[in-house]
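Asker: Starting from the given sequences, assemble the full structure and let the hints guide the process.
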Amino acid sequence: MTDFVSLYFALSETSSTSQKVRLLTEFFGAAPQGELGWAVHLLRGEKLERGLSSSQLRQLCAEVSGIPPWLLEESYQVVGDLAETISKLAAGKASGERVSLQKWVELVRSLREAPLDERMAKVAEAWRHMSEAESLVFNKLLTGGLRIGVSRGLVVKALAAAAGADEAQVSQRLLSLRDVREISLPALAEQGSGSENMAPYPFCLAHPLEAEPQQLGEPEEWIAEWKWDGIRAQIVRRGGRVAVWSRGEELVTESFPELELLSQKLPEGCVLDGEIVALDGDEPAAFSRLQQRLNRKRISITLLKQIPVGFIAYDLLELNSEDLRNVPLGVRRQKLAAILEKAGISKRDLRLSPEVEFCQWQQLDRMREGARENGAEGFMLKSRDSLYIGGRKRGSWWKWKANPYSVDGVLVYAQRGHGRRAGLFTDYTFAVWKDGELVPFAKAYSGLTDSEIREVDAFVKAHTKERFGPVRPVEPQLVFEIGFEGIQASRRHKSGVAVRFPRILRWRKDKPASEADTVETLRQLTS
Amino acid sequence: MFAREPLLRVTPQGLYCPRADVHIDPWQPVKRALITHAHSDHARPDCGSYLAQRETLPILRLRLGAQPSQLQGVDYGEELFINGVRFSFHPAGHVPGSAQILAEADGERWVFSGDYKTESDGVSRPFEPVRCDVFISECTFGLPVFSWRPQAEVFAELHEWWRRNQAAGVSSVVCAYALGKAQRLLAHLDRSVGRVIVHSSVWEVCEALGHDLSGFERANSDIRAQGALVVAPPAAAGGAWLNRFSPYSLASLSGWMAIRGMRRRRGVERGFVLSDHADFRGLTDAVAATGASRVLLTHGYTAPFSRWLCEKGIDARELDTAFGSEDGEESP
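As you go down the protein sequences, you meet chains A and B in turn.
Start counting the first sequence at 1; every next residue gets the next number (the numbering used here).
Start counting the second sequence at 528; every next residue gets the next number (the numbering used here).
No lab work stands behind these hints: they were computed from the structure.
Incorrect hints may appear among the rest.
Claimed, not checked - In silico lysine to any residue, SDA-like type, Cα no more than 25 Å apart, as pairs: (1) A/Lys461 x B/Trp554; (2) A/Lys461 x B/Val537; (3) A/Lys93 x B/Arg808; (4) A/Lys461 x B/Arg844; (5) A/Lys157 x A/Gln169.
To be verified - Beta-carbon label-pair distances, calculated as ranges: (6) B/Arg676 x A/Leu304: 36 to 46 Å; (7) A/Ser54 x B/Asp573: 46 to 56 Å; (8) B/Gly818 x A/Gly496: 25 to 35 Å; (9) B/Ala767 x A/Ser110: 47 to 57 Å; (10) B/Ala767 x A/Arg454: 14 to 24 Å; (11) B/Ala679 x A/Glu254: 36 to 46 Å; (12) B/Arg676 x A/Arg298: 44 to 54 Å; (13) B/Glu606 x A/Ala124: 46 to 56 Å; (14) A/Ala124 x B/Pro545: 30 to 40 Å; (15) A/Gly496 x B/Gly766: 48 to 58 Å; (16) B/Ala679 x A/Glu106: 35 to 45 Å.
Virtual Cβ for every residue (Gly too), placed ideally from N, Cα, C.
Answerer: This is the structure:
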């Protein structure tokens, strides 16, 4: 029987989707009771609570291996993966027994309660009985997720095959089986019980529009909505209760008590899809405001008042406990408008995402540039006839974003990348001019082609003086156009601004560093 | 007391011995070059004359087009004097014919390692440490995450992969450097598994080295090879040349395959960790075995490895040369 470590390596060595599904199906079919649930949990990208921080793990690895901490750090910079680095430095001898994922998970989870030296001792002892390969996977559990290139969809597909059930069913069941230990093939094949089930539907996701919109066909076949700058969520109203689910299929009801309260007014047995946004007065505010509401254990009354949120609904997936996903979008929206009208909820708190009227694509394109003034990132284009299909199926839903803000920045620091980019200098810091000095304003990791990355990597290696430590100061010569979605004033940053989703748009080989932008250009964008 | 001129130093042309007026593995054309081995970053064209271990000479002829009149061969351990400096070549275990070069004058001994590995590979004369005062060493894999397993284990894995491919009706293409890695691979293949097809550039190097190629097949334009193992130089990977072997599985045989990120980046399905360079422990042991009080590091992870040696009480420094590269792309 294959163990989880062999599965992990087999999955990471193939790029073929069908091969991945085959491997997963085989594993799920044979996984012992108690192991299946954890395997599913981890393969779906969930993490275990961390028992040791990265720096504690580094310290332990240095102690166990006798490698000085600075040399461990240099090694990590080249390997680009802490779990892998440690596995190479502190691996022991494999016990020869089949790895029990369940035992590993129990060990990792038991760390939470133990005092630090006991935690360290437990992990060191575990390492002693592991091969390098085993240690790598175990360290992945210790340091966070597996990140193995398996989508949730593939896991569902394989589970469905192993359980002999259909994918939609398995996907639903997974959402309602909240306790990992309840997951078993028979439990997945079972029909869930109606009203107790607070699970959302698998989200229908959109693709970025890369072609010209004219290619989509006649404008009247499409619905355009503003693309709101918030959190995608479903509000599930069933059995007298309310659940709010984020797109990551995380239950976020407690983070948004006001939504829970107002949704009580929705009719029984309905599910809304839409966007949670922060409000500024009556209007949707930028994401940076909403961000202050996220990842908090408790939401104080002050915070509720300071940063109220609202829900902008754009789809109706269930009404009168009936699944509407196979009803065309146009009809779903009409029904949605009707129930919102009847619910008697203030438009400020729960509104219908309006359909943006347009006759020609060109006209919409012009309006797109004004999206930010409307508190939006651009448009969503949805085919009027489209059904609600979970996952990222191409063709009927597109996101058409406004062009990003952009400025020209100078490359000033470089760091080695991770994963596929391990060992290459791919993580960059960019600066703009301020009184004759370069001040960093953004870090960016993506946007260059592979051959450009190699070129920049060679430049960094040839133009650094300081060779110790992870961050290399680089001679300021290369200029890049940096795009970003949002910008706000920030006291924490030397440049005085913080930018959101920065990325490299292109390499300005035509520009010398002296012609890069200034802090002033950035400041003007914040207003 | 004023400092004596060092026996070896770096000039814009390469590593230079002023007393003997010769260069070692120069990266620009010079009058007289001593060559450690025939890889392209150590043996470059257009020098006046080349002095190398005998086995290296035919490769210099093949790759640099050097004329017999320009070439002089020596045996391992043979002494020769140039302007009063005593030189000798010693096994480096890197590839067939590879040598470390010892220069000695006034009782001071300097060794330039060229590239080397400490494990015996079965085709190159195994590395022999040479006692010296100053050791100029490579450190391509000078980080502790590089730790090689015995080659027998790696070749066992490779055969398992070959057999599995064969069962699936797929050919097995292995990328290996034409000089060194390819001979090492060919020497350890179990020919009872199936046909072995050899790319022309690998074939020519084997012929030049005088290796026995009976039983191997030289690749040509209409060769077909379901289930066979194909030995190709890295340059052939990703090119149209491989299409004739479709469907095939592509593997790489290199020390860099130890790092998963690098493996993924190369786009090979299988990476076998096998290097002709010493791993971290090999380097550390080799340095200790020379007894050198000063170590100069030419290429690889020179900064961390010199610090590592300094912490062990050895005066180690980086030497800026044009060999290999800092990382990522393996110097052959």
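Asker: Now tell me if each hint is right for this structure.
Answerer: Hints, verified against the model:
1. At most 25 Å may separate the alpha-carbon atoms for a hinted pair to count; A/Lys461 and B/Trp554 meet this at roughly 19 Å.
2. About 20 Å separates the Cα atoms of A/Lys461 and B/Val537, which keeps this hinted pair within 25 Å; it holds.
3. For the suggested pair A/Lys93 and B/Arg808, the alpha carbons sit about 18 Å apart, so the restraint of at most 25 Å is met.
4. With a C-alpha separation of about 18 Å, the suggested pairing of A/Lys461 with B/Arg844 holds against the 25 Å cut-off.
5. Distance hint between A/Lys157 and A/Gln169 is fulfilled; the C-alpha atoms sit about 11 Å from each other, no more than 25 Å.
6. Distance hint check: the CB atoms of B/Arg676 and A/Leu304 are about 60 Å apart, inconsistent with the given range 36 to 46 Å.
7. For the hinted restraint 46 to 56 Å between A/Ser54 and B/Asp573, the CB-CB distance of approximately 52 Å keeps it satisfied.
8. Between B/Gly818 and A/Gly496 the beta carbons are some 58 Å apart, a value that contradicts the proposed interval 25 to 35 Å.
9. Between B/Ala767 and A/Ser110 the beta carbons are some 56 Å apart, a value that agrees with the proposed interval 47 to 57 Å.
10. About 22 Å separates the C-beta atoms of B/Ala767 and A/Arg454, a value consistent with the hinted range of 14 to 24 Å.
11. Our hint of 36 to 46 Å for B/Ala679 and A/Glu254 is violated, since their Cβ atoms are close to 59 Å apart.
12. In this structure the supplied range 44 to 54 Å holds for B/Arg676 paired with A/Arg298, their Cβ-Cβ distance being about 52 Å.
13. At roughly 53 Å, the beta carbons of B/Glu606 and A/Ala124 sit within the given window of 46 to 56 Å.
14. As the Cβ distance of A/Ala124 to B/Pro545 is approximately 53 Å, the hint placing it in 30 to 40 Å is violated.
15. The beta-carbon spacing between A/Gly496 and B/Gly766, approximately 51 Å, falls within the hinted interval of 48 to 58 Å.
16. For B/Ala679 paired with A/Glu106, a C-beta distance near 37 Å keeps the hint of 35 to 45 Å intact.
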